[in-house]
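K.L.:
Residues per chain are reported as follows:
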Amino acid sequence: MPIHDQGYRRYGGDRAPRGHSWAVIASAGIRTFFGKRAFLGLLLISWFPFFVRAVQIYAATNLPQAAFLAPTPDTFRQFLDQQEIFVFFVTVYVGAGLIANDRRANALQIYLSKPLTRAEYVFGKLAVLMAFLLLVTWVPAIVLLIVQIAFAGNFVFLKNNVFLFPAITVFTFLQVTLVATTMLALSSLSNSSRYVGILYASVIFFSSAVYGVIFVVTRNTMFSWISFPANLEQIGDLIFRLPPKYDTPWLVSLLMIVGLIVLSGVILERRVRGVEVVA
Amino acid sequence: MSAPIVAADHLSKWYGQVIGLNDVSLTVPPGITGLLGPNGAGKSTFMKLITGQLKPSKGGIKVLGEPIWRNPALYFRIGFCPEQDAFYERMTGLDWISALVRLNGVGEQEAAAMAHRALEMVDLLDAARKKIGAYSKGMRQRVKMAQALAHDPELLILDEPLGGMDPTARRKTIRMIKEWGRAGKSIIVSSHILHEIESMTANILLINQGRILAEGNVHQIRDLIDEHPHTVHIKAEQTRALARQFLAHDDVLSLRFEEDAVVVQTARPDAFYARLTDLAASGELGTIHEVTSPDDNLQAVFQYLVK
Amino acid sequence: MMAQPLRTQPTLVASALRIFDLSLGQMLWSRRSAFLGVLLGGPVLMALAIRLLSTTLGPFQINGARVGGAAIFGIMIWLLYIRFIIPVLGVFYGTSLIADEVDDKTITYLFTRPIPRGAVVLGKYLAYLACTVLLVLPSVMLVFFLIVPTGGGSIAEAFPFLLSDFGMLTLGLAAYGALFAFVGTRLKRPLVIGLVFSFGWEPAVLLFPGYLKRLTVAYYLQALVKHEMPQDSAINMLMQVFREVPSVPISLVSLTVIVGLSLWAAGRAVETREYVLEQ
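Chain order of the listed sequences is A, Z and W. Residues in the first sequence are numbered from 1 upward in steps of one, following this note's numbering. Residues in the second sequence are numbered from 1 upward in steps of one, following this note's numbering. Residues in the third sequence are numbered from 1 upward in steps of one, following this note's numbering.
It is worth saying that the hints were derived from the structure and are not from the lab. Some hints here could point you the wrong way.
[What the hints assert, rightly or not] Residues from chain Z shown here face chain W by an in silico Cβ test under 8 Å; the list is partial:
1) Thr51
2) Lys55
3) Arg70
4) Pro72
5) Tyr75
6) Phe76
7) Pro82
8) Tyr88
9) Arg90
These figures come from a predicted structure and were not determined experimentally. Ideal placement from N, C-alpha and C gives every residue a C-beta, glycine not left out.
Work out the full structure, taking the sequences as your base and the hints as a guide.
P.N.:
Printed below as a string of structure tokens:
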């Protein structure tokens with residue numbers, strides 16, 4: 001026809017298959033944070049311990065007088081311990097507002113009115129936080145392992161400690177999953193990211209403080225399961241084949257971690273809704 | 001001549017690289033003034049500057065003869081109704097307004113009485129003891145206006161006061177604003193709903209892209225827009241005969257026919273109206289039922305100047 | 001034009017008291033106070049548990065030495081209240097004083113009134129102090145009455161410690177609250193800064209000798225802790241922290257200066273700052 005219709009036309013191009021919408025949320029979230037200079041500064045600072053360890057490994061492999069600095073599996077365990085402070089700050093910075101800001105802006109209804117399931121929404125948000133947390137835990141630890149191989153010029157260390165790669169992976173993924181689900185669940189409870197940040201800090205520090213009091217009073221580390229960070233430490237020691245710091249059975253610590261993840265899932269299931277049902 | 005209520009002198013405001021207001025010099029006379037402009041024009045920036053929420057980047061602004069920035073004493077004489085729908089939701093309307101009035105240095109009982117009067121003025125007395133969280137959109141808008149006038153200010157600054165109101169509430173509010181104007185208050189009303197501003201006042205301030213396009217009486221402004229011909233809509237019996245008559249004069253630039261009417265564009269409306277009056281009086285070209293000017297109004301001024 | 005009734009601008013203090021009236025009810029009855037309740041209920045529940053345990057298992061012992069209730073109370077005051085609850089409340093409420101009004105977009109109503117803007121900060125600060133003191137002190141009192149009698153402790157003998165603890169905790173709330181009120185008026189991410197300060201800077205700096213510890217609030221609060229502590233190797237390390245403590249008068253003056261300076265600076269900050277609300 002000579003004169004074409006300039007009106008609305010339905011989209012006739014390709015569509016991604018259902019179930020990929022979470023990636024859209026994740027990529028948008030990640031891009032947003034990469035655009036913030038203060039956050040980039042935090043990420044940069046979080047890699048500082050990596051550089052210190054890399055120098056240590058270089059010295060140990062190239063200077064005979066620095067051989068005492070040679071890395072052991074405990075080096076990687078300690079490195080991940082040191083990264084916990086950055087895990088905390090990245091979690092608060094990135095995670096506190098992930099769902100809280102959407103609730104404040106009434107954006108949940110808009111999200112869930114699209115062909116997007118609640119699970120996809122939650123996984124998308126989770127992916128944002130987990131991506132950054134892995135960037136300050138798993139990535140530098142694995143790169144450190146690679147750096148050790150590169151500086152040593154052989155695979156001896158890796159062959160002797162072949163469990164290190166899966167240990168780092170399993171521990172960091174467990175840590176990141178626990179931290180991210182907990183923070184996301186807290187973020188869904190409020191529409192103030194500030195309040196969520198404090199709630200999260202309270203969960204971490206209050207549980208540690210309570211355990212601290214009980215330890216000082218009873219001189220017994222059996223109660224370490226009360227402390228959020230101590231449970232992760234206990235499991236971390238087990239994964240890295242190190243003697244455990246606490247007397248708490250590792251199964252109890254693991255159950256606490258799994259229980260917290262499940263509880264977070266239940267909270268998310270109840271709180272992430274397009275409408276609030278008033279009975 | 002009364003002193004202006006607002007005087008801006010080469011007023012500019014920018015946010016980083018973005019200019020909100022660009023070298024604005026104006027005076028706002030006492031009475032009701034409508035502040036008009038499309039979204040992003042600089043209305044909010046101007047409102048925030050005249051209410052002392054923002055500091056000018058350059059130039060100066062005086063409200064009621066005094067600089068407003070960091071001059072809290074001026075707020076005795078100013079009442080501000082902001083655009084945002086934000087309240088202390090758990091408080092009742094009466095408690096909220098009383099608490100705000102108390103910040104004017106008023107005692108508790110007097111504050112409650114003033115709050116009561118203000119709520120009565122906005123027709124919200126029945127809901128005075130209900131929590132604001134339970135108010136409808138229109139009620140929330142009215143309680144916002146009540147807090148602005150509870151302390152009986154000289155100058156009311158209303159930012160989109162009709163937002164969210166149903167037609168009945170809008171009419172009531174417009175009537176109230178006109179009454180306050182008649183009672184001697186000066187009012188600056190910001191809106192982008194042109195016909196509502198037009199029903200409140202003929203005195204406007206038209207702003208776009210951070211600059212003032214026009215200020216003053218809307219009809220005078222219209223007359224000044226020479227390059228835009230005036231449109232006259234004439235409903236008559238013999239439209240074609242009338243058209244032949246109109247085309248004989250060079251001030252008629254164009255015309256078109258509508259059902260039972262002819263729409264004329266003229267460069268000299270005074271001369272055209274004089275001829276039309278004679279024609280209507282003589283009746284030689286049939287009866288002329290109705291003569292209207294669709295563009296002697298704010299909409300036309302807005303469109304011509306903002307385009 | 002209508003004649004205006006003459007009005008005198010309320011003084012800073014009178015304006016602040018009116019803001020205090022407006023804010024106290026909101027702070028006390030907000031949902032966030034539920035968080036406060038949980039936070040302050042935790043030590044009470046712990047105290048109850050310890051009391052029950054001591055009743056069934058007998059008095060607690062450390063290395064054969066009996067631990068009195070007063071010592072346990074002292075440990076709880078230090079580990080739970082001073083090192084955790086007081087800083088958390090200070091960070092949470094202090095940084096939110098003005099930020100909450102800005103987020104809720106109600107700041108316009110307060111800043112378009114004939115009162116100095118500094119009065120808004122002062123009034124809200126006083127409301128925060130009243131709210132937290134009203135909730136913290138009863139919690140401390142309950143813990144005191146539950147814990148002190150364990151192990152044969154005497155309430156009458158320990159009562160002066162309770163009174164000095166009341167004063168110390170009130171000063172701690174005042175100092176942290178004022179400091180973070182200033183941080184909240186000046187910085188974009190006050191919560192993260194507050195957490196870094198309370199749980200990063202202060203614990204780190206207090207461990208090392210030198211002048212840096214004078215840049216903390218905890219250093220001055222320590223001097224006001226007068227509790228008897230159980231003697232053992234772990235506590236001895238803790239006691240090292242107490243070695244370099246200022247005198248009580250210096251601590252009191254320093255804390256007062258911190259409160260005064262921070263509130264003055266916060267008032268100055270809001271006077272000159274422009275608040276552009278999100279549309």
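K.L.:
Tell me if threonine 51(Z) is really an interface residue toward chain W, meaning its C-beta lies closer than 8 Å to one of theirs.
P.N.:
holds, 6 Å
K.L.:
Does phenylalanine 76(Z) pass the interface hint, meaning its C-beta sits closer than 8 Å to a C-beta of chain W?
P.N.:
Since chain W brings a Cβ to about 5 Å from phenylalanine 76(Z), closer than 8 Å, the hint holds.
K.L.:
Would you check whether tyrosine 88(Z) satisfies its interface hint, that is, whether its CB is within less than 8 Å of any CB in chain W?
P.N.:
Given a least distance of 6 Å, the restraint on tyrosine 88(Z) holds.
K.L.:
Are arginine 70(Z) and chain W close enough, Cβ to Cβ, to be under 8 Å, as the hint says?
P.N.:
The hint holds - arginine 70(Z) has a Cβ within 8 Å of chain W, the shortest such distance being about 6 Å.
K.L.:
Hint validation: tyrosine 75(Z) versus chain W, beta carbon distance must be below 8 Å. Holds or violated?
P.N.:
holds, 4 Å
K.L.:
Minimum Cβ distance from proline 72(Z) to chain W below 8 Å?
P.N.:
With a closest approach of 5 Å, the proline 72(Z) hint holds.
K.L.:
Interface hint check: arginine 90(Z), Cβ to nearest Cβ on chain W, cutoff 8 Å. Holds or violated?
P.N.:
Check passed: Cβ of arginine 90(Z) comes within 7 Å of chain W, closer than 8 Å.
K.L.:
Is the interface hint for proline 82(Z) satisfied, with its Cβ closer than 8 Å to some Cβ of chain W?
P.N.:
Hint on proline 82(Z): holds, closest Cβ of chain W at ~5 Å, below 8 Å.
K.L.:
Have a go at the lysine 55(Z) hint: is there a Cβ in chain W nearer than 8 Å to its own Cβ?
P.N.:
Given a least distance of 6 Å, the restraint on lysine 55(Z) holds.
Every hint, counting from the list given before, is met by this structure.
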